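Asks: As a plain string of letters, each chain reads:
2 protein chains.
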Amino acid sequence: MDIQNCLQEKRQSIENALVTSLPVSQPGAEIIYQAMSYTLLAGGKRLRPTLFLLALEALGQEDTKPFLPFACALEMIHTYSLIHDDLPAMDNDDWRRGLPTCHKAFGEAQAILAGDALLTYAFNKMLQLRLVVPADNLLAAIDFVASQAGLQGMIIGQVLDITKSNMLLTLPELQEINKYKTGALFAAAVLGAAYLLGADDEKKADFTVYATHLGLAFQIVDDLLDVVGDEAKMGKSPGRDDKNAKTTYPSLLGLEAAKEEAKKEAELAAKALKNWGPAAEPLRQIAIYLTDREY
Amino acid sequence: MDIQNCLQEKRQSIENALVTSLPVSQPGAEIIYQAMSYTLLAGGKRLRPTLFLLALEALGQEDTKPFLPFACALEMIHTYSLIHDDLPAMDNDDWRRGLPTCHKAFGEAQAILAGDALLTYAFNKMLQLRLVVPADNLLAAIDFVASQAGLQGMIIGQVLDITKSNMLLTLPELQEINKYKTGALFAAAVLGAAYLLGADDEKKADFTVYATHLGLAFQIVDDLLDVVGDEAKMGKSPGRDDKNAKTTYPSLLGLEAAKEEAKKEAELAAKALKNWGPAAEPLRQIAIYLTDREY
Numbered sequence: 285m286d287i288q289n290c291l292q293e294k295r296q297s298i299e300n301a302l303v304t305s306l307p308v309s310q311p312g313a314e315i316i317y318q319a320m321s322y323t324l325l326a327g328g329k330r331l332r333p334t335l336f337l338l339a340l341e342a343l344g345q346e347d348t349k350p351f352l353p354f355a356c357a358l359e360m361i362h363t364y365s366l367i368h369d370d371l372p373a374m375d376n377d378d379w380r381r382g383l384p385t386c387h388k389a390f391g392e393a394q395a396i397l398a399g400d401a402l403l404t405y406a407f408n409k410m411l412q413l414r415l416v417v418p419a420d421n422l423l424a425a426i427d428f429v430a431s432q433a434g435l436q437g438m439i440i441g442q443v444l445d446i447t448k449s450n451m452l453l454t455l456p457e458l459q460e461i462n463k464y465k466t467g468a469l470f471a472a473a474v475l476g477a478a479y480l481l482g483a484d485d486e487k488k489a490d491f492t493v494y495a496t497h498l499g500l501a502f503q504i505v506d507d508l509l510d511v512v513g514d515e516a517k518m519g520k521s522p523g524r525d526d527k528n529a530k531t532t533y534p535s536l537l538g539l540e541a542a543k544e545e546a547k548k549e550a551e552l553a554a555k556a557l558k559n560w561g562p563a564a565e566p567l568r569q570i571a572i573y574l575t576d577r578e579y
Numbered sequence: 285m286d287i288q289n290c291l292q293e294k295r296q297s298i299e300n301a302l303v304t305s306l307p308v309s310q311p312g313a314e315i316i317y318q319a320m321s322y323t324l325l326a327g328g329k330r331l332r333p334t335l336f337l338l339a340l341e342a343l344g345q346e347d348t349k350p351f352l353p354f355a356c357a358l359e360m361i362h363t364y365s366l367i368h369d370d371l372p373a374m375d376n377d378d379w380r381r382g383l384p385t386c387h388k389a390f391g392e393a394q395a396i397l398a399g400d401a402l403l404t405y406a407f408n409k410m411l412q413l414r415l416v417v418p419a420d421n422l423l424a425a426i427d428f429v430a431s432q433a434g435l436q437g438m439i440i441g442q443v444l445d446i447t448k449s450n451m452l453l454t455l456p457e458l459q460e461i462n463k464y465k466t467g468a469l470f471a472a473a474v475l476g477a478a479y480l481l482g483a484d485d486e487k488k489a490d491f492t493v494y495a496t497h498l499g500l501a502f503q504i505v506d507d508l509l510d511v512v513g514d515e516a517k518m519g520k521s522p523g524r525d526d527k528n529a530k531t532t533y534p535s536l537l538g539l540e541a542a543k544e545e546a547k548k549e550a551e552l553a554a555k556a557l558k559n560w561g562p563a564a565e566p567l568r569q570i571a572i573y574l575t576d577r578e579y
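Sequence order for the protein chains is S and W.
Note that the numbering used here gives residue 504 to position 220 of the first sequence, counting from 1, and the numbers run on in steps of one.
Note that the numbering used here gives residue 311 to position 27 of the second sequence, counting from 1, and the numbers run on in steps of one.
Bound-form chain S, shown alone (with noise of 0.2 Å):
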């Protein structure tokens, strides 16, 4: 199995559904659509949405296509929580994914109304898994979820992300805002996965350590590329971390040490399913990708 092929197969599969996934506007509010899909289909990596089907697949759940709809809720808060970050009163950015912001192109109130709009299509999105799996695993899958998305995770994120902002933070502080702002939805694309399946309680376990590890690695490569990246392969601009004085990892430990960070959370990542079997070999792969490339 080639990984790259894997998550380039996934992704298309994502975008595929997508392109589908919000409803026909109503006459008059047509603005509000265009500001959702202009930002929900402006490209990224689908990470989310790709870890919950890799998750599926994982758990024995060969055909995942019809829980394609829960994928795209994903994105969508995920999609929800860049345009309201973006906001002039949070971090002030005016380009994402190589395109002006969402309030740069419809401004701030429709930016504000098409977050909110995408938190809230989610759920419809996420219930239309209604005849996909029992009724149970679904209410405890959506629970998870919205814990994840809000006062147990990401929101708590982005309150520890700004209050600390200017102050200049340990590891282990710089550790559980990011544990927060995006380990918190990469284990709900996992665990939505085990809630929605039934997953017993050891898989679940996995799947949590899992998501911690791959989100601490994910950022490190973030900060990392924020660092050395350049402005036309990344579509926003690099060193923005710098510019608002925040802590990175780069900032915390130098350019190399971060680096060795990165790999060491990969690894431990992809230990946490070295018990599991071929189907969750992408899983492990996909950690190692993240982290194993030119910087």
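Honestly, the hints are just simulated from the structure, not real lab data.
Please note: incorrect hints may appear among the correct ones.
[Claimed, not checked] Taking lysine-lysine and the DSS-like style, the derived pairs with C-alpha atoms no more than 30 Å apart in a straight line are:
1) W:K349 x W:K329
2) S:K448 x W:K388
3) S:K388 x W:K448
4) W:K488 x W:K349
5) W:K349 x W:K487
6) W:K487 x W:K448
7) W:K530 x S:K388
8) S:K530 x W:K349
9) W:K558 x W:K487
10) S:K448 x S:K558
11) W:K547 x W:K488
12) W:K530 x W:K547
13) S:K558 x S:K548
14) W:K388 x S:K388
15) W:K488 x W:K329
Note that the structure is predicted; figures quoted are calculated from it, not measured.
Given the structure of chain S, go ahead and fit chain W onto it with the hints provided.
Replies: Chain W alone, transformed into the frame defined by chain S:
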């Protein structure tokens, strides 16, 4: 039955439930919990959760206590919408329920996040009914609430409100905006109860008519209070609709005709439940009660 006592009693039980409705703060992120409770616990009529509880009773559910988390969720969704609507990029309001608005008290970033967190947590809250009603009923209820809060309701109402805010509207146009903006969450309240209890289609159809007319009656009264209310009584700045050059019922119809219109809508709401038994009496009376006041 005295409708005022009935409303007061419901409101008190909702207030009690709201006070303990949010989870305990994550250390370091206290500000988001403060911003959330600040607006959630700032009073208000608690009309949506009240309608929800009365709808349960109208459908024969005598013990409504186990349903209080769902009632709280409806108030959280309403509160999130107020916080975001008040933002500078939206209606730019400084006062709400006699207090500085959330962004005035906590800053814009925390207000955006507090709204996001209330919306997200509302889903966790609804899911607390997993042991109270059949799983399929709960899934249907949550799906309906999400639609009404989102692209089939509140968000579309806000989009139309913004895009048409400087136009002179016709009565049907104004009614369409209000149907989405206010009526949708009223529908979520009464039909949410119907879905939870697995009510038949006829009952749901009656509730749909009821919610539409009640929403319109309520919005007209709100517009009237904005013209003639005094700031102390209302806790927000009267005349702000005028300031924003918005079309309102009084500006369109004149004061007296607007009062008549409110009464007409209230009567249509009550009439929608005319074949229901005595348990629906508070729902019938609440419509009349809301419109039968001094301006």
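Asks: A separate judgement is required for each hint: does it hold in the structure or not?
Replies: Hints, one by one, checked against the model:
1. Proposed proximity of K349 (chain W) and K329 (chain W) is supported: the alpha carbons are some 19 Å apart, at most 30 Å.
2. With a CA separation close to 21 Å, the supplied pair K448 (chain S) and K388 (chain W) stays within the 30 Å bound.
3. A C-alpha spacing of about 21 Å is found between K388 (chain S) and K448 (chain W), which places the hinted pair at or below 30 Å, so the restraint holds.
4. Note on K488 (chain W) and K349 (chain W): the hinted pairing holds, with a Cα-Cα distance of about 22 Å set against a maximum of 30 Å.
5. Proximity of K349 (chain W) to K487 (chain W) is assessed by CA-CA distance (about 22 Å); at most 30 Å being required, the pair is judged to hold.
6. Restraint check: the Cα-Cα separation between K487 (chain W) and K448 (chain W) comes to about 34 Å, which exceeds 30 Å; the hinted pair is violated.
7. For the suggested pair K530 (chain W) and K388 (chain S), the alpha carbons sit about 25 Å apart, so the restraint of at most 30 Å is met.
8. Using a Cα cut-off of 30 Å, the hinted pair K530 (chain S) and K349 (chain W) is violated, with the two alpha carbons roughly 47 Å apart.
9. A distance of roughly 12 Å separates the Cα atoms of K558 (chain W) and K487 (chain W); the hinted pair therefore holds under the 30 Å criterion.
10. A threshold of 30 Å between alpha carbons decides the hint, and for K448 (chain S) with K558 (chain S) the separation of about 36 Å lies outside it, so the pair is violated.
11. At roughly 23 Å between alpha-carbon atoms, K547 (chain W) and K488 (chain W) fall within 30 Å of each other, so this suggested pair holds.
12. For the hint pairing K530 (chain W) with K547 (chain W), the CA-to-CA distance comes to about 22 Å; that is within 30 Å, so the pair holds.
13. At most 30 Å may separate the alpha-carbon atoms for a hinted pair to count; K558 (chain S) and K548 (chain S) meet this at roughly 15 Å.
14. Simply put, K388 (chain W) and K388 (chain S) have alpha-carbon atoms about 24 Å apart, close enough for the 30 Å limit, and the pair holds.
15. A threshold of 30 Å between alpha carbons decides the hint, and for K488 (chain W) with K329 (chain W) the separation of about 24 Å falls inside it, so the pair holds.
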